[in-house]
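Trainee: Chain by chain, the residues:
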Amino acid sequence: MSAGRRLVRAGSLLAALGAWQLLTAYDVNLWLRFEQFPTVAEVARAFAERAGTEAYWQDLGSSLRRIVTGFLLAAVLGVAAGTAVARSRWAADLLGPLVEVVRPVPAIALVPVAILLLPTNEQGIVFITCAAAFFPVLVATRHAVRALSPVWEEAVLTMGGGRARVLWSVVLPGALPGVFGGLSIGVGVAWICVISAEMISGEYGVGYRTWQDYTVVDYPGVFVGMATIGALGLLTSTVVEAAGRRITAWLPRVPDRAGPAVPRPPRPSRPRPRRAPEPPSAAASASAREVPVPEKEPVP
Amino acid sequence: MSRTPFPSPAVPLPESGGGAALALEGALLGHSGGPAPVGPLDLRVAPGEVLAVVGPSGCGKTTLLRTLAGLLPPLGGRVLCDGEPVRGPGGDRALVFQHDALLPWRTVRGNVELPLAVRGVDRAGRRRAADGWLERMGLAGHAARWPHGLSGGQRQRVQLARALAGRPRAVLMDEPFGALDAHTRTGMQDLLVEILRGTGATVVFVTHDVDEAVHLGDRIALLPSGGVLDVPRPRDRAAAGDPATRALRRRVLDSL
Numbered sequence: 001m002s003a004g005r006r007l008v009r010a011g012s013l014l015a016a017l018g019a020w021q022l023l024t025a026y027d028v029n030l031w032l033r034f035e036q037f038p039t040v041a042e043v044a045r046a047f048a049e050r051a052g053t054e055a056y057w058q059d060l061g062s063s064l065r066r067i068v069t070g071f072l073l074a075a076v077l078g079v080a081a082g083t084a085v086a087r088s089r090w091a092a093d094l095l096g097p098l099v100e101v102v103r104p105v106p107a108i109a110l111v112p113v114a115i116l117l118l119p120t121n122e123q124g125i126v127f128i129t130c131a132a133a134f135f136p137v138l139v140a141t142r143h144a145v146r147a148l149s150p151v152w153e154e155a156v157l158t159m160g161g162g163r164a165r166v167l168w169s170v171v172l173p174g175a176l177p178g179v180f181g182g183l184s185i186g187v188g189v190a191w192i193c194v195i196s197a198e199m200i201s202g203e204y205g206v207g208y209r210t211w212q213d214y215t216v217v218d219y220p221g222v223f224v225g226m227a228t229i230g231a232l233g234l235l236t237s238t239v240v241e242a243a244g245r246r247i248t249a250w251l252p253r254v255p256d257r258a259g260p261a262v263p264r265p266p267r268p269s270r271p272r273p274r275r276a277p278e279p280p281s282a283a284a285s286a287s288a289r290e291v292p293v294p295e296k297e298p299v300p
Numbered sequence: 001m002s003r004t005p006f007p008s009p010a011v012p013l014p015e016s017g018g019g020a021a022l023a024l025e026g027a028l029l030g031h032s033g034g035p036a037p038v039g040p041l042d043l044r045v046a047p048g049e050v051l052a053v054v055g056p057s058g059c060g061k062t063t064l065l066r067t068l069a070g071l072l073p074p075l076g077g078r079v080l081c082d083g084e085p086v087r088g089p090g091g092d093r094a095l096v097f098q099h100d101a102l103l104p105w106r107t108v109r110g111n112v113e114l115p116l117a118v119r120g121v122d123r124a125g126r127r128r129a130a131d132g133w134l135e136r137m138g139l140a141g142h143a144a145r146w147p148h149g150l151s152g153g154q155r156q157r158v159q160l161a162r163a164l165a166g167r168p169r170a171v172l173m174d175e176p177f178g179a180l181d182a183h184t185r186t187g188m189q190d191l192l193v194e195i196l197r198g199t200g201a202t203v204v205f206v207t208h209d210v211d212e213a214v215h216l217g218d219r220i221a222l223l224p225s226g227g228v229l230d231v232p233r234p235r236d237r238a239a240a241g242d243p244a245t246r247a248l249r250r251r252v253l254d255s256l
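So the sequence lines, in the order shown, correspond to chains B and V.
Residue numbering for the first sequence follows full-length UniProt numbering, starting at 1 and increasing by one per position.
Residue numbering for the second sequence follows full-length UniProt numbering, starting at 1 and increasing by one per position.
It is possible that part of the hints are untrue.
Unchecked claim - Chain B stretches covered by chain V per the calculated footprint, using a threshold of three residues with CB under 8 Å from any CB of chain V:
(1) 151-161
(2) 168-180
Unchecked claim - A few chain V positions that, by computed beta-carbon distances, are all more than 12 Å from chain B:
(3) A21
(4) G26
(5) P40
(6) A46
(7) P47
(8) G58
(9) R66
(10) G76
(11) D100
(12) P104
(13) R123
(14) G132
(15) V193
(16) E194
(17) G226
(18) V228
Claimed, not checked - Chain V is nowhere near these chain B residues, computed Cβ spacing over 10 Å in every case:
(19) A41
(20) T69
(21) L98
(22) Y219
Derived by calculation from the structure, the hints in this document are not laboratory data.
As the structure is a computational prediction, the values presented were derived from the model and not from experiment.
Note that beta-carbon positions come from the ideal geometry of N, C-alpha and C, so glycine has one too.
Please take these sequences and the hints and turn them into a complete structure.
Mentor: Below is the structure:
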């Protein structure tokens with residue numbers, strides 16, 4: 001990213017914080033009421049205070065552990081169920097209607113189910129997180145598997161490959177770009193549900209702490225909680241995005257269109273391990289694609 | 001005339017498994033519920049023979065190949081490989097698709113290694129064999145690339161390398177050079193002739209190009225009639241202008 005764009009991005013965040021500070025410091029009251037609202041400085045002070053305590057990091061660890069467990073479970077189950085539904089008529093008949101009935105129920109409405117079924121609160125929260133992320137992953141996988149070109153499967157079949165080989169060499173890798181779409185949505189939904197579940201029934205956790213602060217009217221504390229959730233959410237979605245980019249490095253990518261209109265001078269090539277060879281400049285790739293010139297000239 | 005735009009083979013051929021005998025006996029080809037089936041067809045392909053199949057668009061050339069590959073069961077009659085009924089696709093009959101069927105998530109080498117992995121060849125053996133085939137196809141420098149970065153001619157060469165790497169006893173090719181420009185196509189045909197001589201595999205080759213059929217085929221099957229014409233040897237580009245070849249070309253065109 002160019003320095004100018006970084007500047008714009010940082011500037012936008014700073015402007016929002018500045019507006020917040022001004023509105024709250026001067027207790028602005030124009031229909032929207034900012035008198036009770038904590039100032040940025042108060043929140044920052046509270047954050048510094050909290051970050052020094054062990055309880056803050058314990059809450060953060062609890063929430064992270066819950067979301068990672070629930071999300072990974074959902075990823076494995078969602079990919080497995082989505083593939084099964086897309087590939088097998090039996091699975092489609094058995095699981096299809098069930099999935100469509102349970103899917104519209106908001107995961108957070110499953111709290112009573114979790115309390116009835118599972119012995120501990122901890123497991124209940126993981127269950128709800130998992131349920132939340134499961135459906136986006138399942139639906140994305142199902143669509144991605146169904147959209148695969150049959151020609152790849154036929155190619156493997158005519159090599160003598162069986163069902164298992166088709167599954168591992170064609171279906172799963174081919175569906176990955178779509179699966180990662182589902183995972184990205186799933187990790188976002190999972191945060192909503194882990195925080196909500198913690199607010200309802202947690203012991204420890206960022207959601208639990210935020211709700212506690214609210215009940216004792218510690219508004220700066222509430223905002224510290226929100227900022228923490230935002231930062232953790234950004235972290236997890238960045239991890240999912242980065243993993244997706246790395247694993248689907250084989251996808252042809254559009255060269256950076258947001259760059260300057262004039263072609264940049266070629267940069268010295270740096271070794272980039274485990275990445276797709278980037279599409280070269282338009283002129284170079286066009287010539288590489290079209291010209292059938294042999295690599296070696298024939299000897300006359 | 002006999003310009004070969006591809007490097008000559010530097011790697012010895014793997015020993016051949018011998019060609020398979022393919023046969024259709026009164027076979028009706030098509031999809032159940034699809035358009036009217038083709039046939040009944042009777043056709044015998046001897047082991048090691050190169051059979052070119054020509055016919056107008058939509059006459060069932062691709063359907064014929066898919067049936068021989070075992071991807072499509074015949075609607076009637078029998079399809080035989082070495083006298084045994086074909087029950088489904090198998091590694092002994094490789095199919096080279098008309099359109100690119102390389103797995104985009106595997107590198108060029110990964111694609112060529114795939115049939116070897118299916119056969120349970122260990123990692124080192126796979127790599128050695130795949131690199132050997134890539135070198136034969138003049139693609140040694142492209143082994144680590146993704147398929148989407150290759151030109152059309154390079155992709156077709158990778159497809160061919162992948163089909164042959166599994167050491168099939170029959171190679172079924174569906175207009176493999178149809179999408180290539182004339183110059184690249186000539187080079188690919190010459191390369192193919194040279195390689196096929198070494199493998200001994202039976203070849204069924206679909207094309208809409210009569211000259212290609214005359215140049216590559218031992219015999220030419222005409223669809224939808226099912227008639228078969230012999231092609232006099234030697235097959236040579238230099239023979240393209242001689243009267244016998246011209247007469248054959250005329251006969252093929254007349255019967256279409």
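Trainee: Hints first: check each against the structure and report whether it holds.
Mentor: Going down the list of hints, with the structure as the test:
Counting residues of the region 151-161 of chain B whose CB lies closer than 8 Å to any CB of chain V gives 10, so the stated coverage by that chain holds, three being the minimum. Check result for the region 168-180 of chain B against chain V: holds, 5 residues qualifying (beta carbon to beta carbon below 8 Å, three or more required). At the 12 Å boundary, the C-beta of A21 of chain V stays outside the reach of chain B, the nearest C-beta of that chain being 18 Å off. With a closest Cβ-Cβ approach of about 24 Å to chain B, G26 of chain V is found to remain outside the 12 Å limit, as its non-interface label requires.
Against the 12 Å criterion, P40 of chain V stays outside the reach of chain B, whose nearest CB is about 24 Å from its own CB. Against the 12 Å criterion, A46 of chain V stays outside the reach of chain B, whose nearest CB is about 21 Å from its own CB. Every Cβ of chain B is farther than 12 Å from the Cβ of P47 of chain V; the closest lies at roughly 19 Å, confirming the non-interface assignment. No Cβ of chain B comes within 12 Å of the Cβ of G58 of chain V; the nearest lies about 19 Å off, and the non-interface call holds.
Consistency note on R66 of chain V: stated as away from chain B, yet its beta-carbon is not over 12 Å from all of that chain's, at 8 Å minimum. Every CB of chain B is more than 12 Å from the CB of G76 of chain V (nearest about 23 Å), matching its label as outside the interface. Residue placement check: D100 of chain V does not keep its beta carbon more than 12 Å from all beta carbons of chain B (closest about 8 Å). Listed as a non-interface residue, P104 of chain V fails to keep its Cβ farther than 12 Å from every Cβ of chain B; the least gap is roughly 6 Å.
The non-interface label for R123 of chain V is consistent with chain B: the shortest C-beta to C-beta separation is roughly 15 Å, beyond 12 Å. Residue-level check passed: G132 of chain V sits 17 Å from the nearest beta carbon of chain B, beyond 12 Å. Look at V193 of chain V: its CB is around 16 Å from the nearest CB on chain B, clear of 12 Å, so calling it non-interface holds up. The Cβ of E194 of chain V lies farther than 12 Å from every Cβ of chain B, with a closest approach of about 14 Å, so its non-interface assignment holds.
With a least CB separation of 24 Å from chain B, G226 of chain V remains clear of the 12 Å interface cut-off, as annotated. Chain B leaves V228 of chain V outside its interface by the beta-carbon criterion, the shortest separation being 25 Å against a cut-off of 12 Å. With 10 Å as the threshold on Cβ separation, the claim that A41 of chain B sits away from chain V holds: the shortest Cβ distance comes to roughly 51 Å. At roughly 29 Å from the closest C-beta of chain V, the C-beta of T69 of chain B stays outside 10 Å, upholding its exclusion from the interface.
At the 10 Å boundary, the C-beta of L98 of chain B stays outside the reach of chain V, the nearest C-beta of that chain being 31 Å off. Its beta-carbon lying about 50 Å from the closest one in chain V, Y219 of chain B satisfies the requirement of being farther than 10 Å from that chain.
Going through the hint list in order, the structure does not satisfy hints 9, 11, 12.
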